[in-house]
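Let the sequences and hints guide you as you build the complete structure.
These protein sequence lines map, in sequence, to chains A and B.
Take 944 as the starting number for the first sequence in this note's numbering and just add one per residue.
Take 204 as the starting number for the second sequence in this note's numbering and just add one per residue.
There are no misleading hints in this set.
In silico contact screen, one side only, chain A against chain B (beta carbon under 10 Å); selected entries: (1) Phe1088; (2) Asp1100; (3) Ala1107.
Looking from chain B toward chain A, a few residues come up when the C-beta cut is under 10 Å (computed): (4) Leu240; (5) Ala250; (6) Ile273; (7) Leu276.
Hints were generated in silico from the structure; no laboratory data involved.
This structure is a prediction, so every number in the text was calculated from the model and none was measured.
Where is the CB? At the ideal position from N, CA and C, for every residue including glycine.
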Amino acid sequence: MAFGITATDAGLSPWETTAFSTFVFGGSAQFAAVDVIGDGGAALSAIVAGLLLNLRCLAYGVVMAPALVGPRWKRALWSQLMVDQPAALGAAQPNPDLARYAYLVCGAYLFVLWNVATVVGAIALPDAGDVVTDWGLDGGIPAIFLALLWPRLRQPDQRRTALAGAAIAFALVPFTPAGLPVVGAAIGAAAGWRSRPADADADGETDRP
Amino acid sequence: MTSTATVAVLAGLAVGTYAFKAAAPLTFGARPLPDWLARLTDLLPAALFAALVVVSTLTHEGELVADARIAGLGAAAIALERQAPLVVVILASVATTALARAL
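So this is what it looks like as structure tokens:
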């Protein structure tokens, strides 16, 4: 629902908004791309920012691939559900059959819920410009990103990466067009990278939602 | 942004994202990612989420600004520290932003 409101506020039609939720189906990347669009950034910046965020779907695919057995067309269809929660739930199951089942149920549920909520948000509050600022709805967006970031901050290397990303984005804002600060911040990943996984392994957690 | 550009973003993001999602299930199966790529996919979201927090809190139309959203972000941080559910985190931020703006 938050995505529906955010996207229409950024100037997208309800159709475009819903198409994002159906065809991209990756919450954080959708928010990132629409944030860039709303700030008047270039299309390429929006795409790159979104794709960098969704690079993690590649890792989820590797984790889930052994469980997703079946004809090619089924695997192709199932892959669209490859987002945080279904992959995490699937990976937590003791055997491949249960993993596939958990992944599909969670994924289908999330897909339907996400799309219905998007439509409601997009149609309930179209052209909501003043409402968005008067009700403080623009304050909800940073909260969503902070909540996504939060569990990662427990690991030292993730924390360093986040700090570097924030600093780079802050420094780039006055000098670059909208969208580029976010893309540029990806370089911040190098900061966490240089401190090898040693400390990540030390507390032995993976904080995927 | 024009509608054509929006559709371009939609198409680019949808195709690229799907390629990431389906790469392993459709092609190279369960072979693990090379170390460097696994580490990159693990770290990139932290850098990007942090950048998005900064940009969505402190900028308006490409300029640095300080406004009520900072108070909202503070409220969100407090809610997260207390392990509040996501809905509560968002509502705390929204309500605080609205309140700070009205004052």
